[in-house]
Amino acid sequence: MNTEILGVILTFILTVVCAIPLGKYIAKVFGGEATFLDTVFNPIEKLFFQISGINPKQEMTWKQHLTALLTINLLWFLWAMFILMNQGWLPWNPDGNPSMSADLAFNTAISFLANTNLQHYSGESGMSYLGQIACLTLFQFISAGAGMAVCAMVFNAMKERTTDKLGNFYNYFLKSCTRILLPLSLVVALVTLFNGTPMNVEGKASFISMQGDTVQVSRGPAAAMIGIKQIGTNGGGYFGVNSAHPLENPNYLTNIVEVGSIILIPIAMVFALGYYLKRKKLAYTIFGVMTLGFLLFLIPSIYLEMNGNTAIERMGITQQMGSMEGKEVRFGSAASAYWGIATTVTSNGSVNAMHDSFTPLTGMFTLLGMMINALYGGVGVGFLNFYVFIIIAVFISGLMVGRTPEFLGKKIEAREMKIATIIALLHPLMILGATALSSFIFVKNPEIGWLNNPSFHGFSEMLYEYTSSAANNGSGFEGLGDNTLWWNISCGIVMVLSRFLPIIGPVAIAGILANKKYIPESAGTLKTDTGTFGLMVFAVIFIVAALSFFPALTLGPIAEYFNGFRV
Amino acid sequence: MKTQPTSLFQADLVKEAFAASFVKLNPKIMFRNPVMFTVELGTLVMLFVTIYSINHTDQGSFAYNLTVLIILFLTLLFANFAEAIAEARGKAQADSLRKTREETPAKVIKQVGEMYLNEIQIVNSAQLRKGDVFVCEAGDTIPTDGEIIEGLATIDESAITGESAPVIRESGGDKSSVTGGTKVLSDKIKVIVTTEPGESFLDKMIALVEGASRQKTPNEIALTILLAGFTLIFIIVCVALKPFADYANTPITIAAFISLFVCLIPTTIGGLLSAIGIAGMDRALRANVITKSGKAVETAGDIDVLLLDKTGTITIGNRKATNFYAANGTDNKTFMNAVVLSSLADDTPEGKSIIELAGSHGLKIPTLQNDVELIKFTAETRSSGVNLPNGTRIRKGAFDSMKNLAENAGNTFPSEIADKVKFIASNGGTPLVVTQNEKVLGVIELQDIIKVGIQERFERLRKMGIKTVMVTGDNPLTAKYIAEKAGVDDFIAEAKPEDKMNYIKAEQASGKLVAMMGDGTNDAPALAQSDVGVAMNSGTVAAKEAGNMVDLDNDPTKLIEIVEIGKQLLMTRGTLTTFSIANDVAKYFAIVPALFIASIPSLQGLNIMHLHSPESAILSAVIFNALIIPALIPLALRGVDYKPIGASALLRRNLLIYGLGGVIIPFIGIKVLDLAVGMFF
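Sequence order for the protein chains is A and B.
All residue numbers for the first sequence refer to full-length UniProt numbering, where the first residue is 1 and numbers rise by one.
All residue numbers for the second sequence refer to full-length UniProt numbering, where the first residue is 1 and numbers rise by one.
Rather than coming from a laboratory, the hints here were simulated on the basis of the structure.
Incorrect hints may have been included.
Straight-line Cα separation of at most 25 Å, PhoX-like style, residue types lysine-lysine; simulated pairs [to be verified]: (1) 411(A) - 643(B); (2) 411(A) - 183(B); (3) 463(B) - 527(A); (4) 516(A) - 512(B); (5) 485(B) - 527(A); (6) 505(B) - 411(A); (7) 281(A) - 558(B); (8) 411(A) - 188(B); (9) 418(A) - 216(B).
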């Protein structure tokens, strides 16, 4: 078999093999069991809890969880706005990069807070080291940790009992950061570090190239950020071109580790659910559905990218390596397509190739991954999105077998359906609504100047930008003049709503269900850990989530694809 | 189930429903159904577009717009017709019951001061109020529902149950209720009215099948929310398409927008939803079950545990004497003689069977003398018997009470009889010990006869996932034997009324839904406690008030049918929702290429059905969307078949038929329609 494909298969299998024990470990952490890192972190945590006056043993209701989550997020937002808008004069700015404008700071603060990491700036010229460390890298930890903390609460709520006491948010949050994110990102950081990624606070280095030009090379505390941006489905790179940059992703080995880190925790969270609830079969069913969708996007994408670009082919150029526009030679087309799909089905958003240059249908698959946003999904929040689809699928299939729908022994009634429906509705509303507004503005003012490719491709670029924002993904199709007032503000609003409402919804559903009477399984109960039910969830995801975007996709990548055949 | 073999569409009902379809176009009524309400708004917009296109061409030809308008209008009518025909059928069924309670004269005993005088006044049945007392004699039709307070009568209830054999109703017991419209065949009874006019169970049921006052059940509300959500998503999709199309320089006509929208929203289930609910109530009524709420029928579909009385449900009710065992030292003939004497006055089937058995043993049956003293059965003594004029006391009764009786008098209870008692009990029989002057003579074996076919019914319940529990006054040994023989999962032996209650509470505490059938006043608390309580129509008023359904046939196994009706109701909603949503795949592939093909010709590649032209593609999709509603009305009215094959297998089956079918059928349907429509557009 082709070594490129073999490399991709190896990467995926390695990731899943690592995710299973990690899932078991995460279940232990959330279950409050002792783990090997306790000796290091327990005293530190205790100190933190004492200072802040938090009793980590005090259990909270789902509403208290949400209040805690939203409050700390608001504080972090203010902190980020301050640093970003003043980094020019604040210390640790050896390259003398300027402070951000208000709208760019708003966009960047929300972007990192919302685990999106959409970057309308370029790291080399737009951020100080203080900003990178005390704001961006910090947020990459805490946004991922917050997502995992609410997911832990939902796991807790799915247990077989009736209660409104669902663990302590701060405890889950801190444990997620110290026991899961920190050690894992440290491993990734070390791998990249030993392969050549810089980790210092020095300014630009210069060297004279073989052509005799003097080249300035940005450096800085990169390795630390790369570890967490991959592990925490953040995706915001240290350098502007993200993991396509030779210092951010030096070779094929680091590429395997980095792309593996993208989906590692999202997959492990599913297995963690199985271990935590002692429902391994349910976890395998969910993993199966997610993987089926993932492969459905991945396989054609790899095929298309390795087959080359039809437009280039018509120019009479042979493409032995496949479609290489916008890709790095050290990774090749298969590994780039794999990264492209992995980073979009999860809400990661780091890239090792330019998505703008993918062949049209691969572009569509990356879009679809974000439109569904629940195939693995972001750390913690990916499962929450999937949970909403489960609720809808349980409801319809419960009716189909003639029984009031129930999920894990809890009845699904009007109130839960209302919340689930609103959340399912939100994603198309955000993406289609915002893209429609932009299209409208562009049609009225064709000279507005922030769209470089008017045509189907330009439409794909706008659609991608909002899809990426709404999915809290953060990757860009680029080609947009995105550091402008319109894009900064509109994307910021889409990001903040699409981050917190889809957390509030499933948390509320889980909290309400946890408080309901537990009904033990009987012969008439519909089992949710079977292939049939998995298929049902899959159908719901595709018909409800993917098909609503069909008309939009038709005008973007699909039209572009069919136009490619036209000579 | 007694189902009248009527066709789904009787001519007169269709006519009535057709007229109602137009009345229901009133936006105020339509608003109750958010999905169809948006279709109505779309139709209104199309009306203006059609008028506009008479002398403008930028919105497509007049003929095309007019066709779309007509199809949309038909879609609305079809949906209304579905609801109207379901209502008409329900009403027709209710009317046939209501006919039984047309105005009849009632002989009311007039109340003067604090006492009832025997002055009889003839008033109209409509004027009867709760608490009034009336008299009925042989040949009278009972004017309204009530409870017998004095007397006993044979009553022909065929008007309600369809059963021609007359039944006995008498005051005091568990069979004291009479129903309006039934006829007294013999004797005279005094009856107290138990309901205000217009508030009887039947009146409540009639309201349930008449759309206006029908309250949505919780499941229906949740489904309506989901469908409204889908509708909103497609509003977003269609509205956003306008600027998208402007960006791509692709003009899209208003007709195309509205067609896309109407095709995508779940009109199939939206149009049939209320028809399904009404048809469910109607099916219950056809099964001769009166429910107090739609919710009760749906809850029945979720039942986990079913409590059934043994007598009359599992066994045919009458125990038969099968053997006499005399004690050592007692002559067989003496024993039989005593047995017969004690049973002569016993009118119960059991008593009669004892005499029959003695007769078959060659005993000459004496006639009953007038001077014997009859001792009636009471719950305390748990025995009955006679005192003969010569002072001989003969008693027969349960083992423990007779043992007490003998031992208190200083007599020993013979060990061989004790063994026999155990033997009979462990074989499912009921031992009846006979004493003469407190000395044990022997034991009679009574055997329960299990109803034919009851095992199959319990097997079916088990497959549905319902646990059956037999409630009996028998001792545990007997109960166990019968339970095993009949195939019930559990039993409550030597049951007192509070035992039932405790059992129900315990099951409910573990999250189970419990159903029970009952008729007696002492069943009332348990009926009220259970999630689905079905009272026999012959039962006491207290029982009927406590339950949430009344079975007119007094058939204790009726619950199986009720459970199936409940399940069918949910299943029909679920499968049609799936079908409706699955249809969208084909509709997208018909309409989306049609929208853009004019300005982006390369999108022809997306026209996988090779539809003739954009207009034809859109029209075919809308026509298919409209026609599928009437095509599915029969299914909505009859309900999707329930098969007790386990939840996962059932899901697989329905997903295959209605999910996969829902994806494939519209592809075929739209293509076929396009072949026809393509000739004109």
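Structure-based check of each hint:
no.	hint	verdict
1	411(A) - 643(B)	holds, 23 Å
2	411(A) - 183(B)	violated, 46 Å
3	463(B) - 527(A)	holds, 15 Å
4	516(A) - 512(B)	holds, 13 Å
5	485(B) - 527(A)	violated, 31 Å
6	505(B) - 411(A)	holds, 19 Å
7	281(A) - 558(B)	violated, 38 Å
8	411(A) - 188(B)	violated, 52 Å
9	418(A) - 216(B)	holds, 16 Å
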